[in-house]
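Asks: Protein chains in written order, with this note's numbering: chain A, 50 to 174; chain B, 74 to 695.
FYI, nobody ran anything at the bench for these hints, they're computed from the structure. Careful, some of the hints might be misleading.
Stated by the list, open to error - Examples of chain A residues toward chain B, derived with CB under 7 Å: (1) A63; (2) L70; (3) N77; (4) A78; (5) I98; (6) D139.
Computed from a predicted model, the values in this text were never measured in an experiment. Even for Gly, the Cβ is constructed at its ideal location relative to N, Cα and C.
The lines below spell out each chain.
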Amino acid sequence: MGKRPVVIGGAILAIMLLGFLAFQAFENAAVYYYTITEAASLEINGQKIRIKGEVLQDTVTYDPQKPLLGFSLSDGHSELPVKYEGVMPDNFGHAQEAILEGVLTETGLNADKLMLQCPSKYEGV
Amino acid sequence: MSIFGSALLWLTFFSGLGAILLGIWALAKQRRDLLGYSRRLSLISVWSVVGAAGLMLLAFLTDDFSLAYVARHSCRSLPLVYKISAFWAGQAGSLLLWNLILALSLGHIHGGQKYRADDLDIKVSILPNAVRLLFNIILLFLSQPFAPADPIPRDGAGLNPMLQSLGMVIHPPILFVGFSCCLIPIATAVAELLWNPGRREWMKQARPWALSAWGMLTLGIVTGGLWAYTELGWGGYWAWDPVENASLFPWLTLSAFLHALLLPDGFVGKGMLSYCLAGLTSLLVIFGTYLTRSGVLDSVHAFSNERMGNVFLGALVIMAFFIIGLACYRRKHLLGTRNSQRTTDGKTALLAASIVLFVLIFAGVFLGTVFPLISHVFLEREVLLDESFFSTISLPLFISLFVLMGAHTSRKRASLVIRVLVGLLAGAISYLATGGHMLGSISFAAAAWALAGQIMELLGTLLGNRDRRRIGAIASHLGLILMLIGITGSSVFVDEIYQVVEPGDTLEFGGYVLEYTGLQVQWGIDRYKVETELTIGRGGKVRGTLSSSKTFFEANDQPHTDVGIFTTPVEDLYLNLAGWQGQTAHLHIKRLALVSWIWAGAAVVLLGVLVLLRGDRNARST
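Generate coordinates for the entire structure from the input sequences, incorporating the hints supplied.
Replies: Right under this line is the structure:
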């Protein structure tokens with residue numbers, strides 16, 4: 050038997066394996082980018098979304114015992130209430146923009162990831 | 074200072090360009106007399122970038138804030154070690170550092186007797202010099218390290234406190250040494266295919282560079298993880314961030330390349346496979362820089378600059394066309410003769426399978442990383458893939474690699490039985506200990522199976538011929554197994570609590586008794602620090618302390634958190650002072666198993682690579 054069929058067979062098998070793994074992984078891992086205005090009219094389907102907006106500092110509540118951080122995010126047109134289960138970041142009080150990842154519910158966004166963009170005198174790291 | 078620095082950068086640019094053009098012309102016309110001039114120009118280019126970097130260092134050490142770059146990244150009160158590391162804290166400085174390190178490896182090639190023979194050094198230097206040209210263009214036009222400050226400030230802005238950490242002192246230079254070495258294997262291939270197509274030696278020349286690159290990348294990736302773990306305050310060391318992945322890409326393809334070099338010479342397509350992997354590695358190094366600099370993907374590390382991104386992308390396309398074109402042009406040379414050896418033994422098949430796995434992991438992680446760009450084009454909405462994608466796709470493949478690693482040892486029945494038993498036992502124990510964590514148990518089983526195999530190999534070699542290369546290879550694999558154990562342990566056995574405590578409170582966590590006594594405030598000239606220290610007790614005895622603090626700076630709104638880590642060989646306790654009201658503190662405490670095995674494993678890997686390089690050198694000289 051020549052080498053060629055073995056090589057081609059192996060390659061097909063390898064690609065199928067990767068495809069299978071990727072397909073399995075994709076379902077739970079996909080995070081869709083939406084704007085706040087788009088999110089307001091989105092149906093609630095358990096899909097993970099990523100949203101960027103301005104933190105309205107006068108809406109911030111924080112319970113360190115849980116810990117649970119709550120605030121509203123705005124894009125200038127609409128607002129979206131956010132709950133984030135985690136420690137309030139050091140620089141949250143100065144945050145202008147925040148990027149959040151989570152699942153949309155009846156009461157707003159349940160976020161599990163929070164990234165801040167702060168005015169900094171330092172160049173990006 | 075500004076003028077001297079810029080002049081040196083122009084000098085390195087023109088002499089580098091001259092070295093390439095003169096070198097190519099002289100090689101084409103077979104004018105050996107001119108080759109000496111090309112070498113000299115290349116060396117001038119090396120020395121002038123050394124001079125430019127020296128000037129930059131001098132500017133940092135003497136607080137010369139007439140340079141905008143120094144004023145932005147340093148200040149008078151900064152400790153000496155961070156004045157040095159502030160050199161690569163920003164965009165322009167880190168590109169200058171990379172340029173410097175690549176130049177130094179070129180200097181090494183020009184200086185080596187082995188390379189001087191037959192003017193190989195000039196042939197090999199063409200490609201790295203071309204990459205340096207790219208950096209020089211950026212340093213001259215897009216990100217100028219020697220731009221003057223206007224007006225000259227009395228003191229600099231200082232270094233971001235997050236970068237004031239030992240990890241950030243050593244992580245970038247190590248990674249750049251790794252990246253620079255990554256470019257040499259393909260450079261040796263290009264030199265041979267263009268000017269000595271009859272010879273088949275490039276793979277031998279490439280091996281020490283590939284090994285060094287691999288060792289340095291391993292160390293660079295691990296120090297980056299160590300920095301994230303000790304500095305970023307979320308209690309992890311790897312997050313599948315695009316920039317982290319960018320350093321993993323060349324590591325994966327380089328691992329595949331190193332295994333491809335071990336294939337027997339008669340293996341059909343060995344040359345082509347090695348060439349493609351070396352080429353891919355070099356492209357990925359440039360791509361990684363593109364990813365970091367262009368800001369096309371949201372990342373914690375991004376220095377976004379769109380124009381610079383386009384320059385990198387352009388260079389990447391040119392380089393890819395060149396590498397692919399050369400492979401097509403010299404395909405006969407790379408594919409070897411048709412009547413090569415046809416029988417394949419078991420060990421060769423295992424090697425080939427490991428190469429396939431490395432490439433698959435690379436493909437999966439790569440597609441996942443650039444998926445937001447792909448989906449932007451095809452789905453008209455950006456879709457990001459979070460960490461779970463990367464774990465799901467890569468962990469089974471990584472574990473399979475360790476299964477192969479254990480299989481690629483002695484064929485004796487007794488050895489096989491021992492390995493299988495050890496693996497099954499480890500799997501069963503961890504299945505019970507984790508409460509049925511399937512992937513974790515399989516991972517521990519694979520690690521134990523590979524560990525047993527490698528230890529028996531090591532003993533066999535130590536009792537037998539004591540071949541340094543064999544010992545080095547086994548040691549670096551042993552180090553990787555230790556890292557797998559650490560990674561699995563710290564992913565499977567994690568728990569954490571958030572606790573609000575009053576002074577005098579004790580809390581029990583994971584068999585430890587932690588006592589909180591209150592907060593202390595320390596005042597500095599331009600900062601104040603709020604700190605807490607917990608006493609760690611276990612079994613009625615005090616085992617140590619755990620302290621975490623937040624520092625507030627006068628000049629900056631953003632406080633800096635220092636986390637506390639209490640390390641034992643079995644587990645780490647991790648404390649983050651999350652906040653407080655009066656003396657009431659909000660603590661985040663985390664317990665991760667076996668983290669220190671990752672760092673220890675990396676040290677063993679590195680030791681193995683050093684022994685291997687030493688063994689290679691001895692084998693060549695005899």
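Asks: Going through the earlier hints one by one, which of them does the structure break, listed in rising order?
Replies: 5
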